[in-house]
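Mapping of the sequence shown onto the numbering used here: residues 1 to 87, in sequence order.
These aren't lab readings, by the way, just hints derived from the structure by calculation. You may find that some hints are simply not true.
To be verified - Pairwise CB distance ranges, derived in the manner of DEER restraints:
1) Thr49 - Ile74: 17 to 27 Å
2) Leu62 - Ile9: 16 to 26 Å
3) Asn75 - Ser55: 12 to 22 Å
4) Met1 - Ala46: 27 to 37 Å
Note that the Cβ used here is the ideal one computed from N, Cα and C, for glycine as well.
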Amino acid sequence: MAHPVPPLIGANFDRRTTDPEFALGTTVAGNDSHSYTYGKASEAVATGTCTLNASTFAITDLAGNHTAVTAFAINEYGWVRRTTSPL
């Protein structure tokens, strides 16, 4: 399982919550050489390729440049991995 490097207290790339734990747009490096950004699902998002809006940090189920490593329900907060290029 990937984790932030350096550690970010409370960050878990697999956790989904209904209340924000970090500021939208927070980006951290993972130990897997990818960056992870904190966003909010604007619709249900399946595990796999997704899109992260660069200005609102809304996550949608459209194929794009990020990956949801765990599915999102609508309005859930969590991390998505940038998949188009490593750090």
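Tested hints:
1. Thr49 - Ile74: 17 to 27 Å: Hint holds: Cβ distance 18 Å, inside 17 to 27 Å.
2. Leu62 - Ile9: 16 to 26 Å: Given range 16 to 26 Å: violated, Cβ gap about 32 Å.
3. Asn75 - Ser55: 12 to 22 Å: Between Asn75 and Ser55, where Cβ atoms are some 18 Å apart, the hint holds.
4. Met1 - Ala46: 27 to 37 Å: Since Met1 and Ala46 have Cβ atoms about 19 Å apart, the given range 27 to 37 Å is violated.
The structure is inconsistent with the numbered hints 2 and 4, although it conforms to all the rest.
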